[in-house]
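Colleague: Read off the chains here:
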Amino acid sequence: MRGRKIGLNTILKAAVVAVTTLIIAGPLYWMLMTGLKAESEIYQVPPTLFPAHLTLENFTYALKETKIPLYFLNSVVYAVLTLLVVMFCVSLAAYAISRFKFKGKRLYMIFILITQLMPLTTLIVPLYISFGKMNLMNNRFALVAIYSAVQIPVAIWLLLGYFNGIPREIDEAAIIDGCTHFQVLVKIILPLAKPGLMAMSLNAVIFVWQELMLAMTFTNVDTLRPMMAGISSAITITGVKWGQMNAVGVIAIIPMIIIYIFCQKYLVEGLSSGAVKG
Amino acid sequence: MSKKTRRALAPYLYLVPATLIIIVMLGFPIIYNIGVSTFKWTLMSSEKVFTGFDNYIAILTDEKFIKIVTTTLVWTLLGVVLQMLIGIGMALFVDKLNVGKKFVRVSMLIPWIIPGVVTALMWKWMLQADLGIINYLLMHLGITEKNVLFMSDPNIALFTLVMVNTWKATPFWFLMITAGLQSKPVDQMEAATMDGARYHHVVRYVILPHLSPVIASTGILTAIWTLNYFDLIWATTKGGPMDATSTLPVYTYRLAFEFNDFGRAAAMAVISLVIISVACIPYMKKMFDNLKYEGVL
Amino acid sequence: MKEKWIAAALCAVMTVSMVAAGGSVVKAEGDSQVITFYGFSDWVDTSPFKEAYETAKAEFEEENPGYTVELQSDPWGDWEQKYKTMFAAGSPADVFMVNNPDFPAFANSGNLLDMGEYVEEGYFDQFFPGVLNMYQWNGKNMAVPFTTDCRILWYNKEMFKEAGLDPEQPPKTWDELVSFAKQITEKTGKYGFGMDMGLKELPTASLYCASGSQLVNVAGDGTITPNVDTDEFRKYVQTLVDMKDTYEPDYATLDYHDVASQFVEGQFGMIINNSLMSTDIYEKDFWGQALIPTMTADSETASFGGGFGIAVNNETKAPEAAVKFAQKLCSPELNAKLVSDIPAFQEGMDNSDFVKNPDYALILEQIQYAKQSMPKTLYYAEIEAAAYDTVVNIVLGGADMDEAIAALDEKISSIVAG
Chain A
60 MRGRKIGLNT ILKAAVVAVT TLIIAGPLYW MLMTGLKAES EIYQVPPTLF
110 PAHLTLENFT YALKETKIPL YFLNSVVYAV LTLLVVMFCV SLAAYAISRF
160 KFKGKRLYMI FILITQLMPL TTLIVPLYIS FGKMNLMNNR FALVAIYSAV
210 QIPVAIWLLL GYFNGIPREI DEAAIIDGCT HFQVLVKIIL PLAKPGLMAM
260 SLNAVIFVWQ ELMLAMTFTN VDTLRPMMAG ISSAITITGV KWGQMNAVGV
310 IAIIPMIIIY IFCQKYLVEG LSSGAVKG
Chain B
56 MSKKTRRALA PYLYLVPATL IIIVMLGFPI IYNIGVSTFK WTLMSSEKVF
106 TGFDNYIAIL TDEKFIKIVT TTLVWTLLGV VLQMLIGIGM ALFVDKLNVG
156 KKFVRVSMLI PWIIPGVVTA LMWKWMLQAD LGIINYLLMH LGITEKNVLF
206 MSDPNIALFT LVMVNTWKAT PFWFLMITAG LQSKPVDQME AATMDGARYH
256 HVVRYVILPH LSPVIASTGI LTAIWTLNYF DLIWATTKGG PMDATSTLPV
306 YTYRLAFEFN DFGRAAAMAV ISLVIISVAC IPYMKKMFDN LKYEGVL
Chain C
3 MKEKWIAAAL CAVMTVSMVA AGGSVVKAEG DSQVITFYGF SDWVDTSPFK
53 EAYETAKAEF EEENPGYTVE LQSDPWGDWE QKYKTMFAAG SPADVFMVNN
103 PDFPAFANSG NLLDMGEYVE EGYFDQFFPG VLNMYQWNGK NMAVPFTTDC
153 RILWYNKEMF KEAGLDPEQP PKTWDELVSF AKQITEKTGK YGFGMDMGLK
203 ELPTASLYCA SGSQLVNVAG DGTITPNVDT DEFRKYVQTL VDMKDTYEPD
253 YATLDYHDVA SQFVEGQFGM IINNSLMSTD IYEKDFWGQA LIPTMTADSE
303 TASFGGGFGI AVNNETKAPE AAVKFAQKLC SPELNAKLVS DIPAFQEGMD
353 NSDFVKNPDY ALILEQIQYA KQSMPKTLYY AEIEAAAYDT VVNIVLGGAD
403 MDEAIAALDE KISSIVAG
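If you're matching them up, the sequences are chains A, B and C in order.
Last residue of the first sequence: 337 in the numbering used here, with the numbers rising by one and none dropped.
Last residue of the second sequence: 352 in the numbering used here, with the numbers rising by one and none dropped.
Last residue of the third sequence: 420 in the numbering used here, with the numbers rising by one and none dropped.
With the rest of the complex left out, here is chain A:
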């Protein structure tokens, strides 16, 4: 009786995993296949599930002829710098909100939320004006600053949840032992909030990696453009170059997947300290 029950359960579980993988991997597979097809084959009706003529021309074009390697490097720089800035600002801010009592806390949280509410597309022109006034066009750090500004409210929001989940008794224990607030934050809270930090970091990095509109608006030169510029240039006046776009898309995802596999470990690492259980 027991054996049969386990059998059915396992099959159902396997089915769910299979369906999920199909829904997720399907489009990814299609992206890869389209990148490997020649432009003419892409338009064939009915579509071919596997390229009739496998070709690497889209990928080689992307890697050799365009400035994609340069764009790639730029994206890495933007992502890393934004992450550092965001982590710094947000750890401090979330700690203050979670741990201190001060006037205007509610107002601050509402303020944070309001900055998120206007769609980016509506801010493009005013941003262009303010960038112009501050002489920030074509400036790497200006881009990092605006990315950070957009990500910080979200990150505070996210991290706050995790900080709140850490019992205050731990703080108090440490303070009694002589730690300053800052030390509590750095040595105790942050390590315990690792899953939250990871989630927030991933969110920030993915955002910067995929960001297209701001980057294209505020940079005029190739030396500053991110990966997405490679995708944008596949949308031409004569239509979309599907092969090229999908090839660049594949190239863009690979580092993200690698990063995520690496982060996975920390995400899953729960509250390690035994003092917190129960």
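Errors might be hidden in some of the hints.
[Said to hold, decoys possible] Just the calculated beta-carbon pair ranges, DEER-fashion: (1) C:224 to A:126: 30 to 40 Å; (2) A:103 to C:50: 54 to 64 Å; (3) B:264 to A:81: 44 to 54 Å; (4) A:74 to B:264: 44 to 54 Å; (5) B:211 to C:141: 43 to 53 Å; (6) C:288 to A:282: 39 to 49 Å.
[Unchecked claim] Derived coverage of chain A by chain C (criterion: at least 3 residues anywhere in the stretch with Cβ under 8 Å from a Cβ of chain C; other residues may be distant): (7) 253-264; (8) 308-320.
The hints are simulated quantities; they were obtained by calculation from the structure and are not laboratory data.
Glycine included, each C-beta is placed from N, C-alpha and C at the ideal position.
Assemble chains B and C onto chain A, guided by the hints.
Modeller: Relative to chain A, chains B and C alone:
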């Protein structure tokens, strides 16, 4: 500075870096938008004329406005609910999985990682009538007889896009809930099971309450993101066919860059902001209540 | 502890770099004045056109010492939004490509330089009058025509044969167009006409242009009145409705690029599209070209034409030099090399591949009849959008034609009322 003053100032100091960046970069644009919405500002003239609430009246009396708002609400509500249900469901499922946990976790995140523009165009391509792989497979497997007009039929276009958006956005819910599950109260769960509770009882009475803060905060965030999401709709249907997929951000963009009316677009942005704020109020209340209970507020 | 070091290092790095990099990455060379040019990178930054832009820049700088040109560009997908943003924010480039539909808005805003004051006498006479007219505002020349284009009727001779039609007799009138399309769909099972209703422009505007009518009338004093309650407009929409069965099911979200690609792959019997230069259609041999079908047998053909102009910012610090650069780009020797369309004057055209290649003969014939669906007014975009909505409502949504046209009439009146 006395120790007491320093202690009182400390929280504010901690908030300075974040607040500074936000105000410097976003302060001017947001206030400018609010201000300029009361002016007539189009590309057609280089002057900005103060017209008070004219822009707002024009928008609110536009016959399309009601449709746009309802479309936006459907898009947002349906999207968030789907993301939430599937995200929580999958997170719980993976949590209980013994084999292949890592594999599913990695796979679940992939849709989120694919750049938005690529996702949009890729799905547009896949959902086409003749050239699209999905219709081909559906007909090949005998599930449908004719091509399904996923994006060209005004009646289903919006739902198609909601599904695509859900595909892309669910990983975030999955991530949040999974991280939240890492601190699930295992003792309570064991106790409940020993008292005879079945799994779905444990979920309902132990796990979900534990996840409640995460669900609330993720809910607000994803609601705002979904409502404001522009790239997907613009890259696929541009708000069509027949305005079936015109949401607030899409229409705002058209006002600015197609009709060249920046004043009106700014007014639209402010209206968006008001609508979202109002919609968020109940959630904010709940969140603040939660936080009060936890002693944070 | 770690945090503190990271923070300190970050601050140091940021301060140093910000000071070092200053504001802009791009610096002026020496003390020569910089003239910025903004276009889309499909031409400005892509071979083989790129080299011609470099040549234009080099020649200009040689002929005008003390000035340097900075070529800026963005991909087509971002270009339009960005150059409007630059204008709205009040900091446009000195010289730039201007899109035909946007021209009235820019001209009226006073942002464009009146080029007539800076060029030689009679400079503008060389351009095709129909095209030159598109870049004039209040009698002044506010941009130099850079390119022009038009649409023609393409058809698949193989499919014609299969359907029992004479491959050398393409449809000449709208009625023939409809019946041919239906015959093709019936006999071959493929799609007789490739409709592109996805781009938010008046669908297959060329047909409407060929009726000789226009969407609005502009009186001498500038008053604009709607002109859609006409036989021409009705017949045009009716034609689109009659051909419905011959469209690809997804036609409501296809744009003319998609349709072009599918035609090249042999999916459509006929399409109305541009020169298809960017596809490899010319390597195949199933195609035929024809002038746009007219409403009645004896009317003159016409086609929807657009293109780009080169304009100069009114607030530029170096107007004479900027205008000279604009002229350089439109010079007979260079113009054809800089674009993938047709230059808007005879001499420029003579230097382009279009003239030398017999495949383009019909295009050159049609282009003489290029026009637009309505005269240039400030409300061009809004009127077009309203007309598009109406046509889609009738064709896709099955709305009643009289009601819809009456509604459009009202809508246009309210649009021009401001």
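Colleague: Decide, hint by hint, whether the structure agrees.
Modeller: A quick look at each hint next to the structure:
1. For the pair residue 224 of chain C and residue 126 of chain A, the beta carbons lie near 48 Å from each other, so the given range of 30 to 40 Å is not met.
2. Between residue 103 of chain A and residue 50 of chain C the Cβ separation comes to about 29 Å, which falls outside the hinted range of 54 to 64 Å.
3. Range check, residue 264 of chain B to residue 81 of chain A: Cβ separation about 33 Å, and the 44 to 54 Å hint is violated.
4. A C-beta distance of roughly 30 Å is found between residue 74 of chain A and residue 264 of chain B, which places it outside the suggested range of 44 to 54 Å.
5. Checked against the hint of 43 to 53 Å, the C-beta distance between residue 211 of chain B and residue 141 of chain C comes to roughly 51 Å, which is consistent with it.
6. The hinted range of 39 to 49 Å is satisfied by residue 288 of chain C and residue 282 of chain A, whose Cβ atoms lie roughly 46 Å apart.
7. Counting residues of the stretch 253-264 of chain A whose C-beta sits closer than 8 Å to any C-beta of chain C gives 0, which falls short of three, so the coverage hint is violated.
8. Remark: the stretch 308-320 of chain A is not confirmed as covered by chain C, as 0 of its residues place a Cβ nearer than 8 Å to a Cβ of that chain, below the required three.
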